[in-house]
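Keeping the supplied structure of chain A fixed, place chain D upon it in accordance with the hints.
Protein chains: 2
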Amino acid sequence: MAVEEKSTPEDVRAHVAALARDARAAGRVLAASTSGARNGALRAIAARLRASAASLQTANAADLDAGREAGLDEALLDRLALTDARIEAMASGLEQIAELPDPVGSIAELNPMPSGIRVGRMRVPLGVVGIIYESRPNVTADAAGLCLKSGNACVLRGGSEALRSNQAIAECVTAGLVEVGLPAAAVAVVDTTDRAAVGALITLDDWVDVLVPRGGKSLIERIMREATVPMIKHLDGICHCYVDAAADLDMAERVVMNAKTQRYGTCNTLETLLVDAAVAEALLPRLEARFKAAGVTLRGCERTCAVLPDIEAASAEDWDTEYLAPILSIRVVNGLDEAMAHIERHSSGHTEAIVTNHHPRAERFLREVDSSSVMVNASTRFADGFEYGLGAEIGISTDRLHARGPVGLEGLTTQKWIVMGEGHVRE
Amino acid sequence: MAVEEKSTPEDVRAHVAALARDARAAGRVLAASTSGARNGALRAIAARLRASAASLQTANAADLDAGREAGLDEALLDRLALTDARIEAMASGLEQIAELPDPVGSIAELNPMPSGIRVGRMRVPLGVVGIIYESRPNVTADAAGLCLKSGNACVLRGGSEALRSNQAIAECVTAGLVEVGLPAAAVAVVDTTDRAAVGALITLDDWVDVLVPRGGKSLIERIMREATVPMIKHLDGICHCYVDAAADLDMAERVVMNAKTQRYGTCNTLETLLVDAAVAEALLPRLEARFKAAGVTLRGCERTCAVLPDIEAASAEDWDTEYLAPILSIRVVNGLDEAMAHIERHSSGHTEAIVTNHHPRAERFLREVDSSSVMVNASTRFADGFEYGLGAEIGISTDRLHARGPVGLEGLTTQKWIVMGEGHVRE
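Which chain is which? The protein sequence lines are A and D, in order.
Read in order, the letters of the first sequence are residues 1 to 427 in the UniProt record's numbering.
Read in order, the letters of the second sequence are residues 1 to 427 in the UniProt record's numbering.
None of these hints come from the bench; they were simulated from the model.
Beta carbons: idealized from backbone N, C-alpha and C, even for Gly.
Worth double-checking, as some hints may not be accurate.
[Claimed, not checked] Taking beta-carbon pairs under 10 Å as the criterion, some of the chain A residues facing chain D (in silico):
1) Pro114
2) Gly127
3) Asp209
4) Asp250
5) Met251
6) Ala252
7) Asn258
8) Arg367
9) Glu368
10) Val376
11) Phe382
12) Ala403
Just chain A, same shape as in the assembly (with noise of 0.2 Å):
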């Protein structure tokens, strides 16, 4: 099936849409399948992944050994290494997968109408889900076992670099499906580095459904540009705290904290803080010190650094920065409705908190700030498809069609009409 390094773009884009329509023809047969039969093929993928663990590191070896020669920074190297604990994460995760309610086929309400027919709506897969990602190869594993848990085939196409550990988890991928007999196309991997696969894969229009973008902002630029598939995405988690004059100082600072240093490099972590005028000589010096004992660099707006003379001075850029780092833009504003205006200027709409004890301004923060999500007296790093209750996630949408928010087996369903009549006819 793979095509050579040297073929011309329409060679590349043959093939990737030869996968793609044969997952067409497998998505049928996965959505018409019993839950049973996907949770059975999610059991056999894992086991399979586990009894390949070393075959799957062989593989590994060699795309880590490749990585070295080209250069790739130790970070990288990092992300690509399939450790024993990772191969059992991935095991682990697809049996996760496997317990969670099945979202295919339910109906949730089936409802007379004044004409005697009954109306409802019935869930079902996406189609085809074409996945792009970058070089952690357990993604092809996490992937992979949403969209067969969702009734959905999928062509996944991950980093180059690792491309021999995809193709290793690929054929336990497609064993387990072969072995509970569902069709091994409803998972493709794209076996070529070849750069024009994403050009094909992103405008197949007749073949995939939806396309999942997970990597850094500039793949997601060129896909935005290129492609004609909808997708399910978000570029930029530009997340902003603020805390209200009303907000209880302790329970800001534990807020804040958490929002920013748990972890620095995840889409929910705080960028901007805003801190209401009247509690920021009160709150500032506090979290100076947190912040400094932390080593995260503070940049402040004019009156932040009134109050924090030591710290670096915020330039206009800083508001719209996604800084992935241990740097905090902090800036002082007069009550609830300039911080709204700041967050409506410079979100990215993906998550923002307020810190208050005034019913009233909690009440409109949430009403009005519009973001996939917002939250009150909560850090922005529970913004994620586990501590949401959803038990898996694809990834998280900023878009405003469809999924937005984290997003999870549902997001990779839809709905159809069903209509159950006894021969009625509309007059």
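Just chain D now, with coordinates in the frame of chain A:
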């Protein structure tokens, strides 16, 4: 505000962008407004439409005169005309929308999570809706009403032949909004016939959240090709009805006749009839007599023509044609699987029905046919927002993401996650 007809495409783009930007700001006010205010605006607009019947008809007469001069055909002129009855229908339609439940702000559930946070989803407007439509000026009031009710601002771009009528309706809308203290910019009617306005509206990603194109196939195809803003749409309505071997033939005759002849020009009208070979000889002659009386031309596959030697032979093209006319293509198939294979290949994913008394085949058809509406023993003509109990309809979607099938007020909203904590942080 009007731009000169001879201005450059850049001027037109800047003009439409300014409308959309102002709509965005006005939409924030709408989103935060009470149901009472929005319903009050709908009723105020209805009253103004009734009170302005004379001036609406003066503007409309000018459009009709210009249309006649330009040689528009009678069907188009008829769609363009604002009769007394149509003005009343616009007004009462808005009053009916005011009576519907408000979708905005509802929180279906708020569930405690293991961490202690409570998580739910709040329904919120999409933001700014761009609507592009053709000659019927009543769409201006209908679309404005649905957007307003669902808390969305909108930018409306009607057909150039209805410009004066649409502007006269827009004046009533604006006056009604202002009367209740809502921002006039929440409903913007593009006041230029320059075609560059459409090109601008469909690419204003920063200011327009979703497009709802309503019109003929060529309009939709142009927008699909050029738009960068996501859209809710359908292109074709090639609807099928499969009469199974176990059908009640009286019921089949009733359902098929209704699906084809109740109205010819609608997207949910039957275009292809599939008949199981076991009942072809019993059913087809009965249908031929009825369709002949109704003036419907039949085109059949070889096996159909063997039963009905007087009808035309269908060409390969017929199976992929939405006639929107008194023409029906008929194919005899060997059972359910062949019927579903035909649908899979030729359907536009709009609406398909089965007529059968055989329970397992009805269940399989419901589960396996992948269209926005799937029906058992009912006419495809029921695929409609009012018949489904939505109370209103902005359009019908054959897309898989977001809204599918008839789209009412809920389809014009999205959800955001809300998180309630008491200082919770992530471990």
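Inset, instruction - Grab the minimum C-beta distance from Gly127(A) to chain D and call the hint holds if it beats 10 Å, violated otherwise. - result: Hint holds; Gly127(A) Cβ to chain D Cβ min 6 Å, cut 10 Å.
Inset, instruction - Answer holds if the nearest beta-carbon of chain D is closer than 10 Å to that of Glu368(A); otherwise answer violated. - result: holds (5 Å)
Legend entry - When the least beta-carbon distance from Phe382(A) to chain D is tested against 10 Å, hint result: holds (6 Å)
Inset, instruction - With a cut-off of 10 Å on the beta carbons, see whether Val376(A) makes it to chain D. - result: holds (5 Å)
Legend entry - Hint status (Cβ of Ala403(A) to nearest Cβ of chain D, threshold 10 Å): Hint holds; Ala403(A) Cβ to chain D Cβ min 8 Å, cut 10 Å.
Inset, instruction - With chain D as the partner, please determine if Asn258(A) meets the hint condition of a C-beta pair closer than 10 Å. - result: holds (3 Å)
Legend entry - Given hint Pro114(A) near chain D, where the shortest CB pair must fall under 10 Å: The hint holds - Pro114(A) has a Cβ within 10 Å of chain D, the shortest such distance being about 8 Å.
Legend entry - Hinted contact Arg367(A) with chain D - closest CB pair below 10 Å: With a minimum Cβ separation of about 6 Å from chain D (threshold 10 Å), the hint on Arg367(A) holds.
Legend entry - Hint validity - Ala252(A) Cβ closer than 10 Å to any chain D Cβ: Result: holds, 8 Å to nearest chain D Cβ.
Inset, instruction - Return the status of the interface hint for Asp250(A): holds when the least beta-carbon distance to chain D is below 10 Å, violated otherwise. - result: holds (8 Å)
Legend entry - When the least beta-carbon distance from Asp209(A) to chain D is tested against 10 Å, hint result: Holds, because the Cβ-Cβ distance from Asp209(A) to chain D comes to roughly 5 Å (cut-off 10 Å).
Inset, instruction - Classify the hint on Met251(A) as holds or violated, based on whether any CB of chain D lies nearer than 10 Å to its CB. - result: This interface hint holds because 4 Å falls under the 10 Å limit.
Of the numbered hints stated above, none is contradicted by the structure.
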